[in-house]
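Student: Residue numbers (the numbering used here), protein chains in the order written: chain Y, 1 to 86; chain F, 1 to 418; chain P, 1 to 201; chain L, 1 to 983.
Please keep in mind that the hints were generated in silico from the structure rather than gathered at the bench. Built from N, CA and C at the ideal position, the CB exists for glycine as well. Mixed in with the good hints there might be a few duds.
As the list claims (entries may be wrong) - So the derived list for chain F, only partly shown, Cβ under 8 Å to chain Y, looks like this: (1) Gln127; (2) Leu353; (3) Val414.
Stated by the list, open to error - Listed next, the in silico DSS-like pairs over lysine-lysine satisfying Cα-Cα at most 25 Å (straight line): (4) L:Lys503 / L:Lys679; (5) Y:Lys50 / F:Lys352; (6) L:Lys655 / F:Lys289; (7) F:Lys268 / F:Lys289; (8) L:Lys655 / L:Lys679.
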Amino acid sequence: MLLIPCPFCGARDETEFAYGGEAGIERPADPEAATDEAWTDYLCFHDNPKGPHRELWFHRDGCRRWLEVERDTYTHELGAVRLSRP
Amino acid sequence: MQRYSIFSLLRGAFSGHRDWEPAWRAPEPKSSYDVIIVGGGGHGLATAYYLARNHGIANVAVLERGWIGGGNTGRNTTIVRSNYLLPENQRFYEHSLKLWEGLSRDLNYNVMFSPRGVINVFHTDAQRDYWVRRHNGMRYAGIDAELLTRADLARLVPALNLSPDIRHPVVGGVMQPRGGVARHDAVAWGYARAADALGVDIIQDCEVTGIDIQGGRVTGLQTSRGPIGAGRVGLAVAGHSSRLAEMAGVRLPIETHLLTATVSEPVKPFIDAVVSIAATHAYVSQTDKGEVLIGGSLDGYNSWSQRGSPARLEDILASASEYFPRVSRLRQLRHWAGVMDMSMDGSPIIAKLPVEGLVMTGGWCYGGFKATPASGWCLAWTLANDAPHALNAPFSLERFRTGAVLDENGAGPVAWGH
Amino acid sequence: MADETADIRRSALAGLDLGSRAGGAGGVLLAEGAAREGFVLRGPAGDAAFGQAVEAALGAALPLEPGEAGGIGADALLIRLGPDEWRLIAPLSDDGRLAARLASALGSGPGALVNVSSATTVVAVAGERAADLLATGTGIDLDPAAFSPGRAVRTRIGNAQALVHRKAEDAFDLYVPRSYARSFWEWLEERGREFGAAVAL
Amino acid sequence: MRRQPFRAAEGGHLIDRSEPLRFDFDGHRHEGYRGDSLASSLLAAGVRIVARSFKYHRPRGVWGFGPEEPNAMVTTGVREEARPNLKATEVPLSEGLEAFGQNAWPSVSWDLGGAVGLAGGLMPAGFYYKTFMAPARWWYSLYEPLIRRMAGFGPAPRTPDDAFYAKRRIHADVLVAGGGPAGVAAALAAARAGARVVLADENTRFGGDLLRAPGEVGDSDGLAWIDTATAELEAMSHVHLLNRATVAGYYDHNLLTVAERAGEEEGAPGAPAMRLWFVRAREVVIAAGAHERPLLFDGNDRPGVMSASAAGGYAHAYGVLAGRQAVVAGNNDSIYRVARLLRSVGVSIAAVADTRSGGDVRDLPCRAGEAVERVLGSRRVRGVLLRRADGRAGDKGERITCDLVAVSGGWSPAVHLHAQARGSLRYDEERGLILPDRAGGANRSAGAGAGRFDLDGCLEEGWAAGIAAAASSGHERAAGEPPRSPDRNAGEAPVFWQTGGGKRFVDLQYDVTAADVDLAAREGYRSVEHVKRYTALGMGTDQGKTSGMAGLVLLSEALGRPVAQTGTTTFRPPYTPVPMAAMASGLLGEGRDALRRTAADDWHEARGAPFTAAGLWRRPRYYPREGMDEAETIDAEVRETRAGAGIVDVGTLGKVDIQGRDAAAFLDLVYANRMSSLKTGRGRYGLMLREDGRVFDDGVVMRLGENHFYLTTTTAHQHEAMQHIELLLQTVWPELEVYATDVTEHWFAAALAGPGSRALLERAAPELDLSDDAFPMMAVRAATVAGLSALVFRMSFSGELSYEVAVPADHGLALWTRLLTEGREDGLTPYGTEAMGTMRIEKGHVTHAEADGRTTPDDLGLGRMASAGGPAIGKRSLELPALRRNGRQQLVGLSVIDPEARIPPGCQVVESDDMRPAPPLGHVTSFCYSPTLGRALALALVENGRARTGQTVYIASPVIDLSMAAEIVSPVFYDPEGTRLNG
Ligand SMILES: Cc1cc2nc3c(=O)[nH]c(=O)nc-3n(C[C@H](O)[C@H](O)[C@H](O)COP(=O)(O)OP(=O)(O)OC[C@H]3O[C@@H](n4cnc5c(N)ncnc54)[C@H](O)[C@@H]3O)c2cc1C
Ligand SMILES: NC(=O)c1ccc[n+]([C@@H]2O[C@H](COP(=O)([O-])OP(=O)(O)OC[C@H]3O[C@@H](n4cnc5c(N)ncnc54)[C@H](O)[C@@H]3O)[C@@H](O)[C@H]2O)c1
Ligand SMILES: Cc1cc2nc3c(=O)[nH]c(=O)nc-3n(C[C@H](O)[C@H](O)[C@H](O)COP(=O)(O)O)c2cc1C
Ligand SMILES: [Zn+2]
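Please build the complete structure, drawing on both the sequences and the hints.
Tutor: Right, here's the structure in full:
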């Protein structure tokens, strides 16, 4: 069970969080202008590395902030964790 | 191929079992093959077998980075069924189920396919409407499906908790009688042996590390045992799909997730059907060896670790104990997890990729074991004809571009939501 | 006013008839805490004007440490729960006065104040084994060195989310969502068997 | 006859001879002492056959001393109370204990299943893959049921385990797994350094190997040192000592599970049967000791063949003679120690056979360079054949009479926890040991578990590990001097495994022989993982603790490749089996899923309403009436509401308070239709899409002030909607100043519906002007209703004139009862979710049955609404070709032609009523009997549905063989002009 160091609350069990997938996916600034390809890239085609991954976690049972977490998807080792909106 | 039968066993008994031949050879890789299949799980091995048997293409190698059957094929809860909602999935999985029904004899290897019935129980009106509708839809697709009352459930699964006083009481169920389980390892081994007998080279401890492409066409593979030339390449690597596709510069709408399964210590049989519980998402069966085999939902985040969280395990075991209270008297023997290829709509991809000669099967989510025969069958067809069969045409990559996704659960483009 | 509401106010635990369960003496006592007013205060922690407005209205500084529960007078609290979130807790007898002051101090500046007085039920857990009982269902470190008396955090305990206010080393107030309160109470009582949990009125 | 013929007159530090206990095994009464394990008391009683093997039903006795036991599997308790698959070595003796040998009928000593063993030749590894294939049906109808009946160890459970199981979460600086000399030293060092320590050991008493064999620490007895050290630890408030506590699993980020058999502790009445600890440790010291390895020889599974250290342990710890006359055989120095221990309790030593050439000891009948070739005796050991270990030709060997063969093949460090943590392993070729290599978490291994076999070394390593672990967790106080021992003999064992041929068992539990491993290798199952799966080696309840290494070496030999290249199978949790009930505890029923109740729930319950689930909430379906069945009652609730007035509890809807400068702009992005144009005091129905264009949620948005909104979400999606809003605010548009607060729990709400609702509300809220002008449709006002401060919205789900009244939930029941009292004379009818559902279907309103995650706004007939707003979430996806194509399924109404017909659940919509396979046109999403229209109605998603209006189709449920004709109509069946909204 992951122990995620929430920058606000401190380290908490994974069960307090909801996962949000890859972090930092840019939403096309003008969706109407985006091609189908660019738009569906944003929707469906995400990074899936075996290794370091930047991802979103929602601290549902704590500060209710979305966190950006660096985590190795193989070892589950954590890197930097920051609030998505400081 | 040395034929297996009760007589060959008797002969073996008299010769002290000294004369059994290897089930498959351990060849050195040739410098090139007409077709190379990457991934020695059930899907890869089945693909090779059907290429040789159905299409006469036997200059084929299956490259497996570890040992065959060691991926999800060797670690799943072995449920086989075709009780799907969407017509595209119904057709495909029903084709698969039909192949299962003749598989042991086809391969001359007992894969212990056991059609003991797959039951889904529901708890609310909404769930009832959904499950009955799904089974009515199966009937219209020519698939067996039944509605079960609580009395039926009590008869078929006496160990099931039908008390009205539990948190989510069971109000009824549906069943696909032809569904069941099979012996997972035997599926890999049986396909391997049959493919090998038709001339396929099964090469273990051979990791693919690169895909050679010239002029937009695949020409061969880089492997831990050196480069190997290939006319066509089929990827059947489950949770590793995105890595392999990336080697060819292709991105996939697939994420890799953790799914746990667990077994109890073995006891005498007391659960004869496969039961899935809608309220808590757990599924329970008892193997022929006697273990109660329990699965649940994903841990819910990208992972290649094959090690699940104890929190999910508590949850799965609590569900199993709630609905099979007697299970609480058993002890948990072992738990493990797999590397799941979760697609963005919960349905698979069996398709040509945007590189000439490169095709894949993947995105199997929770359900690829049951798909093994049909996935291999379709991928072999696609490789042989350079075009998808009608059965797998809907499972294209383009559907994610056009929006024509096959979202069984209506969960949207959230890989872990399916 | 407080009297007038007495007959219309109904606790989420009323249906449990705690009176009939009262009694016993064990390592931990469970009781329903008095109903309180609660307000969610939102606003930019780093904005000096916001901080000053709050301080002016409440007569106490805006707590800035995560989990810090600043006292306002004798029996009201302002707890920092998130980067831009606080919870104001006041006795019913305050009758919205603190909140009204706060609302007018915020004026049209950034920030928000939302009444959530009915949103939680207070469960008081006290006694030698109080922390052990909570530890049957929460992953936070309850060692007083890590979670000292006077502080409050939001976390998950058993089947509910809870705002946990540690009043003393062995006394906690748990603010649990109203609709979960009965299930939570029953879960707590069941887990408390190990400690001979007793119900107090 | 003496009650305990194999109990020495004295000795045994674990037993209390003053307290004899009686127990039954397979129906025979025996006696043992407090402190005994079932295994030690069975041995004391002279019971040698305690189980039958899995496949061949061979007699089996006790092999080991603790959790490594592969053989002595028993069931305790009878019938309802039976607990299968317990290891006799782990079952503490208690007064009146009833235990049974397993896998045998009628008993382990006379087992008819033994006949199976005669056909053993037909059952080599994997035989079932080779047969039972034709005819296909026979596999399932005949062979498989037979195999199922034969398989499985203990009896299937007949009842749930309803003992109390506890759980506890705890944080530690250092968790020490294993309380032998190394572990106790580590715990002491770490605790003295100031670290918060948890020390867990699976036995009833700390000491580890010192329980089995005496040793010296400092200049006193080792166990005495253990007692002193643990007493010191006990006294420290920052230390937790756990006995009978198995560290079961090592998980991510140093979370470990520890299963404490708390209920076994004496003098702890009411203690839980087990307490499952979840320890989050900064550092872990693994001091798990080592498991003794067997030797392979013909008949090595006979009752009477036993691990040497176990035989010695039974003598030392329990004063039990595992036999009268022993041959001690092995490949390392420990056999001499064992032989002396046995002799000290009165076992006569027939021979000590050491496979090595040296090691002659004068006081024992030593046989250097000799090994056991074969066991004599068919049901139990009657002797052995000893032969030269180097297998010289012409050597016929010598028969030696004995009833106990104590064997030691060396030791395998218990690397399980290290490996579970994903630490790597390395094979020490010279010592024949698999050892922990790189750690896979913040942990370190020490003592025998790390390959240090001398007591002094174990203490030293343990101490050092404790110091280091404390330091890594930030505690560096001086810990004093480490304990030392004069025992520096590492007792190394050369790699030696087998002699001769015959039936040599590798995995005693699953009856895997050396020949099976060989066969697997020849058949091409060459990976160690294939051998495991093909033969079942190591898959038993002992998970191969004793057999793993032997299997590995045999396979390596068969393949002619080094052990290091063969590798091990994967070590997985739990270390020893954990009761399901322990894992499940606290999570059954409402412990897992709280049951959410609205403020008026007590009233519904008192009124006898049956409930339905809505997410975690429960809601009343209808309010039963005297002399009416369910359908009649629901019809009455509908009719009375449409004719007069009804009231329904809508407290479960999600509610969100939205404030901030950019609130309006934000809602324009969240909802497909525009919200910024709302006037203060007015509300609007809103549609939230997912980014893929599918309808996600709907509700009403009300503007309470310039920058203040209040919105509702569906009951099902309240948490998801909140999370979605926060995601957008925090990651997509962080620059917006918007505060969203979930106020679902704060508000209770009830809807008054029906033409009579206005008059009723007028009386309840006299200050409120309810005229159409002052309070038009979709307006919101603050008011006092029934003496309570409330918010009143005018909106309608039922299609009638309707008002929703919201009050703080603490006042919810008061509002509910006061309105009902107020409305008594108007015949105000409380109605439940069934009547509500019927009325909304009559009006064609959608719910999640229609918005099922696959439908677009246009599919649901809400396309116009969605095209009204700006570039909100999900809008772009609506442009994708598949979402615009013709032929999508669209929402329609189905009006059943036969007024007597009732629609069953789960129907498909088809073109013909013959129910033969054919692609359906669509399916029913919601259905009801409409008392208003006097026929059954349905909402359905039908291919090109809107264009089919007027066509006749069939609603069908093949699983119950029922179909009926229906006409496709507009989904708004009732009052399409909306005139009734005005009352
Ligand atoms: C816990 C669990 C329960 C499940 N339950 C069910 C169920 O009940 N019913 C059901 O139908 N499905 C179930 N599934 C899903 C099912 O197991 C899989 O979908 C299916 O077995 C996948 O088979 P495969 O052949 O595609 O993949 P795998 O068996 O995983 O084979 C892929 C192979 O590719 C190899 N590989 C990867 N990368 C490379 C490389 N670079 N070079 C060479 N080889 C490579 C891997 O080593 C692996 O052996 C479950 C899965 C899990 C994990
Ligand atoms: N050749 C020999 O004679 C020989 C060989 C090996 C060890 N030994 C002796 O054994 C001792 C080794 O000391 P040590 O402290 O390293 O080991 P130990 O075997 O004395 O103690 C390990 C303890 O950990 C317990 N344990 C193991 N796994 C556990 C788990 N998962 N959860 C809870 N408890 C667990 C065991 O039951 C045991 O009590 C020394 O006295 C050494 O001399 C002798
Ligand atoms: C259907 C099924 C039944 C299993 N039964 C057992 C069993 O009886 N004993 C056991 O040790 N493992 C059993 N396993 C688990 C395997 O030992 C192993 O954990 C799993 O295949 C995953 O492989 P890994 O642990 O080597 O990664 C079973 C696995 C499956 C899929
Ligand atoms: Zn947080």
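Student: Hint by hint, say whether it matches the structure.
Tutor: A quick look at each hint next to the structure:
1. Nearest Cβ of chain Y to the Cβ of glutamine 127 of chain F: about 23 Å, over the 8 Å cut. The hint is violated.
2. Interface hint at leucine 353 of chain F: violated, since its Cβ lies 13 Å from the closest Cβ of chain Y, which is beyond the 8 Å cut-off.
3. Of the supplied interface hints, the one on valine 414 of chain F holds, with its beta-carbon coming within about 7 Å of a beta-carbon of chain Y, less than 8 Å.
4. This hinted pair does not check out: lysine 503 of chain L and lysine 679 of chain L have alpha carbons roughly 89 Å apart, beyond 25 Å.
5. Between lysine 50 of chain Y and lysine 352 of chain F the CA atoms are separated by roughly 24 Å; this keeps the pair inside 25 Å, and the hint holds.
6. This hinted pair does not check out: lysine 655 of chain L and lysine 289 of chain F have alpha carbons roughly 52 Å apart, beyond 25 Å.
7. About 9 Å separates the Cα atoms of lysine 268 of chain F and lysine 289 of chain F, which keeps this hinted pair within 25 Å; it holds.
8. At most 25 Å may separate the alpha-carbon atoms for a hinted pair to count; lysine 655 of chain L and lysine 679 of chain L meet this at roughly 20 Å.
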